[in-house]
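Protein chains in written order, with the working numbering: chain A, 1 to 398; chain B, 1001 to 1377.
Quick list of in silico lysine to aspartate or glutamate cross-link-like pairs, EDC-like style, CA-CA up to 16 Å: (1) Lys-1142(B) / Asp-1213(B); (2) Lys-1274(B) / Glu-385(A); (3) Lys-180(A) / Asp-136(A); (4) Lys-262(A) / Glu-289(A); (5) Lys-1266(B) / Asp-136(A); (6) Lys-238(A) / Asp-136(A); (7) Lys-1266(B) / Glu-385(A); (8) Lys-220(A) / Glu-198(A).
Simulated coverage check for chain A against chain B, where a stretch passes if three residues somewhere in it have a Cβ under 8 Å from a Cβ of chain B: (9) 128 to 142; (10) 199 to 208; (11) 279 to 285.
Taking CB as the label site, the calculated pair distances span: (12) Met-1050(B) / Asn-218(A): 52 to 58 Å; (13) Gly-313(A) / Thr-1210(B): 58 to 64 Å; (14) Lys-1266(B) / Arg-17(A): 46 to 52 Å; (15) Gly-1015(B) / Asn-218(A): 52 to 58 Å; (16) Glu-1111(B) / Ala-282(A): 45 to 51 Å; (17) Lys-21(A) / Ala-1283(B): 49 to 55 Å; (18) Thr-1194(B) / Asn-218(A): 55 to 61 Å; (19) Gln-1279(B) / Leu-396(A): 18 to 24 Å.
Since the hints were derived computationally from the structure, they do not count as laboratory data.
Since this is a predicted model, take the numbers as computed values, not measurements.
All residues carry an ideal CB built from backbone N, CA and C; glycine is no exception.
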Amino acid sequence: MDLNYTEAEIAFRDEVRAFIKAKLPDHLVDQSKLGTSLTKADYEEWHAILNAQGWLAPNWPKEFGGAAWNAVERHIFEDEMTKANAPRVVPFGLSMLGPVLQAFGSKEQQDYYLPRILNGDDWWCQGYSEPGAGSDLASVRTSAVRDGDHYIVNGQKTWTTLGQYANKIFCLVRTSKEGKPQQGISFLLIDMDTPGIEVRPIVLIDGTPEVNEVFFDNVKVPVENLVGEENKGWTYAKYLLTHERTNIAGVGFANAGLQNLKRIARLEQSGGRPLIENPHFAARIARVEMDLMAMSTTNLRVVSQAAAGQAPGAESSMLKIKGTIIRQEINALTRNAVGPYAMPFASEALDEGSNEEPVGPDYAAPATAQYLNNRKLSIFGGSNEIQRGIITKAILEL
Amino acid sequence: MNFDLTDERQMLQDGLRRYLADAYTAEARKKIEDDEAAFSPDIWTGLAEMGVIGALFREEDGGFAGEGFDIALVFEELGRIGAVDPLIDTAVLGGGLIAVLGTDAQKDVIETVIAGGAHLAVAHGEPSSRFDMPRVETTATKGADGYTLNGRKAIVVNAPSAENLIVSARTSGDIADTDGISLFIIPADTDGMTLRSYPIVGGGHAAEVTLSDVSVPNEAMLGAEGAAYDAISAMNARATLAICAEALGLMESIKTLTNDYLKTRKQFGVPIGKFQALQHRLADVLIEIEQARSAVINLAGHVDAEPSVRDVHVSATKNLIGLAARLVVEEGIQMHGGIGMTNEYELGHLAKRLTMIDHRFGDTDYHMEQFIKLAVA
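Put together the whole structure using the sequences plus the hints.
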């Protein structure tokens, strides 16, 4: 048992730190710290910087232009990035579709789409959820009916994150109603510019249009946009979900959130003293910090197993549950920390480039919005109830 | 022992519930939220005509009720419907302070408040006071024919709509002394007083108020010089009761929405309410709401008791309500899934309003500490 990184891992971490120091633009760090929303251009700027370094796709094999890092290296990279308040890498093309195309796509699909993802030519979004389907993905109803060289797609997807920026969507569609619901699903790549597609924003409780509904009305999709075999989409979808679940614990986000919380608690006054000296509030911060310290190690245990070649199974469900509980508690404490200044509704002050001065201290403005927005953490990507179901079945065999 | 409402209160509750169900539709509320006034003149007048505002005042002040149970009843109903109208600020806080401290001339405004024709806001909290009631930095300096005020007031709810602000300022004493705090009634358009208005989460508007050499005559003072603290804490207790009752109504509505959703929403071929994991959690929500109801009853019964007794109940109730509210909000959203995250669905508004209740009149942590000081230590 050795809890320390090896010399090679430390050298790698230092290389990552040096890169961040040299290349991470200040304005992106400031936006991240102040909780202002990032624009498409911000994400693209950061993607291009990472791509120039060859680090945009840590999990892709070298032959496709990835960094081919092992699980420990990826963990170190993500940890350093979140600590430095770097913008997150938008996962849809890089962590979700990329691995699916690499494993199941045709040579033509790999040659065409993978470089476009790295170069930022395409912005992908995910067409999985549907009204009424939610965590029960097997019940998707959006249909794709073969008509000569095309599929005709009809139906509706929802919770399409950042779909307003996307020019491509990968979708689960129903190509057959025979057999079990998991059968008869296909994995289809669709150009968002195709006639018959309409994107409508859904405003969330924090006031942001982060997700969308996407409507398909007789949308013609060339058959060469089918990934793998018809009616085998469920296998690919499950493969994609295991990739989505890397870094599921969000240790880096939790650490960054905790540091921000402590900074606020040092600045806020309660009864004429810094809030952080208030024993009751300090105890609540301490409790979540202790939990986070243990979860970081649980996360490393899973990472280390994965680096040794064992695929993470239900352990990722544990990390999702514990990770979201910890991050949501940090959000709640941050909202409490700003006291009455959690009340102003500051949506405009949080828009990028806004000249609107926040009401109260600048760190107070995003606290309520982030608390509300991060209620989603325990809902999306397979709700925590679904994750508990996976644990009871896979580990406890109940 | 009798936990039934009196006939008069039962009639008020029935009437108010019927009125709000008709008048206060989600559409009407959205319109109110978009308006800086944060209330609909029609509904406000309707509430006044029903006697709802009068029910918050004692008979000697021109009302007809004004006990803790009356306040609790009215605000639970307003909470149920997710009403955003600033009745706490105009009637319970502003009207309450004038009723307790005002001269006969000053009290004239109460009649107008009860009739629905006046709006008030109480500017007491400051940027660095958090929830500490005695912490007042704003100063009022006595001159030849009045006072000059300087300072800043934070999150003054309803200030954008109020014709008059009741402003606290220190006429003597140190920054956190209870002695030396005075109150002034100041018309909103007085020179030197500037408002920066903004919407607040969950509906309503507030303002940051800056006082820069604001001159007011002696008659603007409400109560005796330097002796306002007891009245401020007494009205804070009644406002805390009101907001806790409002929270209770909001919790009831979130529970009902969630219960209905569990019965109708299907996943994996069955209504999700068939899953025991969700059933037990909604059962816990129900238990905590019953605890919250009892806590509100406790506070309603003691809100006008002597301060040491009153304040134990204020803190016990506000702390419990804060914890229950967070549970109900978070479980309500979680059990709804994605739909619970959307702004358009009713739950979002109720959840935001309920969440913000922890940020007024002392939060869960603050009242935990107060309770320890008053009852445990």
